[in-house]
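Residue numbers (full-length UniProt numbering), protein chains in the order written: chain A, 1 to 280; chain B, 1 to 280; chain C, 1 to 280; chain D, 1 to 280.
Treat each hint with caution, since some may be false.
Intra- or inter-copy, both count: the list cannot distinguish identical chains.
[Claimed, not checked] Computed cross-link-like contacts, DSSO-like style, restricted to lysine-lysine with a CA-CA straight-line distance of at most 30 Å:
hint	residue 1	residue 2
1	Lys17	Lys84
2	Lys203	Lys10
3	Lys93	Lys47
4	Lys244	Lys85
5	Lys85	Lys276
6	Lys203	Lys36
7	Lys17	Lys203
8	Lys244	Lys17
9	Lys244	Lys10
Hints were generated in silico from the structure; no laboratory data involved.
Just so it is clear, the structure is predicted and the values come from calculations on it, not from any experiment.
4 protein chains.
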Amino acid sequence: MQESKNYILKIDCSDEKGLIYRIADVVFKYQLNIIKNDEFVDRDNGKFFMRAELSGEMNMNAFKGTLEAMLPAHADIYVAEARKKDIILMGTKETHCLGDILLKHDSDDLNANILAIVSNYEDLKGLSDKFNIPFHCVSHEGLNRAEHEAKVLEVLSAYTVDYIVLAKYMRILSSEFVGHYEEKMINIHHSFLPAFIGANPYKQAFSRGVKIIGATAHFVNNNLDEGPIIAQDVIHVNHEMTWKDMQRAGRNVEKNVLSNALDLVFEERIFVHDNKTIIF
Amino acid sequence: MQESKNYILKIDCSDEKGLIYRIADVVFKYQLNIIKNDEFVDRDNGKFFMRAELSGEMNMNAFKGTLEAMLPAHADIYVAEARKKDIILMGTKETHCLGDILLKHDSDDLNANILAIVSNYEDLKGLSDKFNIPFHCVSHEGLNRAEHEAKVLEVLSAYTVDYIVLAKYMRILSSEFVGHYEEKMINIHHSFLPAFIGANPYKQAFSRGVKIIGATAHFVNNNLDEGPIIAQDVIHVNHEMTWKDMQRAGRNVEKNVLSNALDLVFEERIFVHDNKTIIF
Amino acid sequence: MQESKNYILKIDCSDEKGLIYRIADVVFKYQLNIIKNDEFVDRDNGKFFMRAELSGEMNMNAFKGTLEAMLPAHADIYVAEARKKDIILMGTKETHCLGDILLKHDSDDLNANILAIVSNYEDLKGLSDKFNIPFHCVSHEGLNRAEHEAKVLEVLSAYTVDYIVLAKYMRILSSEFVGHYEEKMINIHHSFLPAFIGANPYKQAFSRGVKIIGATAHFVNNNLDEGPIIAQDVIHVNHEMTWKDMQRAGRNVEKNVLSNALDLVFEERIFVHDNKTIIF
Amino acid sequence: MQESKNYILKIDCSDEKGLIYRIADVVFKYQLNIIKNDEFVDRDNGKFFMRAELSGEMNMNAFKGTLEAMLPAHADIYVAEARKKDIILMGTKETHCLGDILLKHDSDDLNANILAIVSNYEDLKGLSDKFNIPFHCVSHEGLNRAEHEAKVLEVLSAYTVDYIVLAKYMRILSSEFVGHYEEKMINIHHSFLPAFIGANPYKQAFSRGVKIIGATAHFVNNNLDEGPIIAQDVIHVNHEMTWKDMQRAGRNVEKNVLSNALDLVFEERIFVHDNKTIIF
């Protein structure tokens, strides 16, 4: 007797009458159980999005082929067994986001395997060593951006990764670099985007005198801090706080927002469309 | 040519393989468009819940009959045209929740028609009059609970209502009274239930020295403040606040939580099962 | 025997050693009770801020004079009896903020007297009438900005006001107009500033795909949406919401943020320095 | 020339007219700078609370003596140099709170020295070792409560500690044990107290169908989960979450609430009165 497996099905296609019926028909014929099912119709853009968690036993290629035949042309269909993702963490010097992910990994509370940590400084080596994660320092000293990124890419290329997590990696990445990891790279920005794009958002927030600060986790694309937003959260601040106080208070928000975003990413709960996320 | 209409479909039945397929099949055969569709499987209890917003033109009885034949025995099926609900508001003296609902009603921002306001005091008459809503004062003076409730029921019975909203109605209702309006009566309780059940929760919160206070909107059942919870929210408080300060600050939370809950109720987005709510 | 009165004392001066001692000395000599006392030293700018609630009986001019003699040169000293403020509300068409303030005023839960409502449309007349507040429509039709503002100023000049509340007044005000009411005019902006400055922030938020929207109450100054921020709050949104859904959900935030800001303003709890607020 | 030092002054006494004047007078005579100053008068109980951060150079005993002579009888006066606190962490098996504190300690972001970790299981040894913190396992197996607590006390007595942090220590402590560390022991409870006191609050929350869960950091006293509350926070939950999902989501809240509470405790910002906290 074959063991039942868990699958993730994601469909993204133009909207038509009868889509749910046709998809449910295929799922039923393959004798799969629907554990969880979510749909969303973007009526403005005539787009249909569906994500299902299925259990059973099947030939995934056949299943995908049958679905394809039923769906509108150019449908985007993803079928895969549910599994832990393989990730690489990139950081610079700060440990709050990186350490939080390492701790969750260590207590088996992260839906991912951390293959390596890559940084442009040596500062994170100690923490990486504590948790027995391979650490690669690729210093940017004396290199221009292209040269440095080439070296980073070389290190990354030794691994097969699902996602790259920028856990406070404080260097701007070129479009070319980002292009290698479209919708595969997640960044945590230390402001409530689109407020305070760019350098030192806490200083900007302090200067403006805002009463709330926040953090934003997003996929990285070619425009700095303008990728599709995955998760955001905020905390209240007041006049007694210096920008360093805000920075310190903000760290807890940053790590939680990144943690929540990674949960969603690793469970394949996100669609990206029109630079926005649909999250089930 | 017939005009397209909007329908709400709600199904609550025991879980089985193929349910979505069978339901989608019927929907497709009736040539209905699925505008929005949500499902939830309660795996612990083997229960399936589904709510869909449909558009098209159909014979609702036929549709319901076809569905019934396809679904497990004892399925609970609700089909109705989407429409504004008819409601009665009950209050005592406080105006913040009642006034908020009246304002929304007045600016056509409430998915309901307010048929009347019923109170055990005269205090709310002025506000009712401002907004031209019939006001019924049913004083409890000199009456025992049963006598008073009989009088209230008499007033209510003159109206055909979908829901009764207790917008700070400060009298305890008997099981018998409540029994007339099962899952049809919504209350706002001025605490974060189950903390501070009963009288003067703000005084209780102050005494306990909590750092957060809240409000809870729930369906009313036989046990005081123990009905299925629809919505909750909180605000932070501190040692500088007296219980009256907390009460004042809490009013904004109360009215927003009630407002959010009513939106959900009036759009038929809620299932009640096992004294808990499933909300789509 | 004279009755005890309540006073607000606000001091804003350059910081020096011994300031609290000197001020407390004067307060003690005038036999005043300190009900509440807050201080803040802005160390970066060498500024001292203090606000006290005092009770007792005194000659305010003499008290102020004595304080002046004790404090550094150019100290800003405000002493006044605690009292309800006199305000005018300005709006355009939306009723959620205006109605909320009217309701609080009507149930004696606003620390202010509403002298009048001024609008550039007739839409708010009905609501103003319900609550018996004088309503002035000053249409902008056929007038340029300067002409329209001159007419509004003429209406306002008939009243002696402490504050003007822009409760969704949807016209940009000139520097000249604003100059008449420095730190006396409070606006509610329907976004989490500095994100989405300017027109239709909900559409902007929807386009950007943010997961949180907010509202900001601020004093009005010469730069649109750039005055000192008094209060901000946010709510979570998701991909299912259109910009109109966000607008609707945002209304509750807008009115609460404005309400909280007005409480602070009317109790004289705010200092403005360097385009930021210090709030006690 | 002597270097300037930072001091914390805390005063807790019955309220009288002129207290701030008298205290500020002493501070001025000792030529101390007031960096930050907060007062609170509990008018119901006639109590005065003040905390100041001072800088300068002084004889603390003389300063305290001078203050004592100026203040009402039975005034509680605390004067100490600002310094990192010495703490011991106690845990059982869970690592999220403990690990978070260790990470902050490791990146010099905790205002405390961690002297040791004490647990009733061996599970936390690995994490303690990673961060080079002495680990003491005091198993409760085969021991009654009194015997086990005697052994724990023996371990603790080898250290001089300011505070003991129960970072998910899952054993109930006797009144006798707690009596050794009055207002010196901080616990994190995994619910929004007073809701869901006692065992498995996430299961209780799930059963009740609440829409918000939370965490509470409090000083430990003789009544389980009823000590003075220091900090609380919440997150929204929904019907899709099992109690284990709530538990997982709750961990981030627990560790942040504990972290915020420890900041306040270690900076001596808290007074306890009448089982409530006053926090500056």
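Now the hints, each set against the structure:
In this assembly of identical chains, the alpha carbons of Lys17 and Lys84 lie at most 30 Å apart only when taken from different copies (27 Å versus 35 Å within one copy). In this assembly of identical chains, the alpha carbons of Lys203 and Lys10 lie at most 30 Å apart only when taken from different copies (28 Å versus 41 Å within one copy). In this homomeric assembly, Lys93 and Lys47 never come within 30 Å of each other (Cα to Cα): the closest approach is 42 Å inside a single copy and 35 Å across copies. Taking CA atoms no more than 30 Å apart as the test, Lys244 paired with Lys85 passes between copies only; the shortest distance there is 21 Å, against 35 Å inside one copy.
For a Cα distance limit of 30 Å, the shortest separation of Lys85 from Lys276 inside one copy, 23 Å, qualifies, whereas the shortest one across copies, 34 Å, does not. Taking the closest pair of Cα atoms, Lys203 and Lys36 come within 30 Å of each other only across two copies (22 Å); inside a single copy the shortest separation is 43 Å, beyond that limit. With identical chains, the CA atoms of Lys17 and Lys203 are at most 30 Å apart between copies only, with a shortest distance of 28 Å across copies and 51 Å within one. Taking the shortest alpha-carbon separations for Lys244 and Lys17, only the inter-copy value of 25 Å comes in at or below 30 Å, while the best intra-copy value is 55 Å.
In this assembly of identical chains, the alpha carbons of Lys244 and Lys10 lie at most 30 Å apart only when taken from different copies (25 Å versus 43 Å within one copy).
Comparing the model with each earlier hint shows a violation of hint 3 alone; every other hint is respected.
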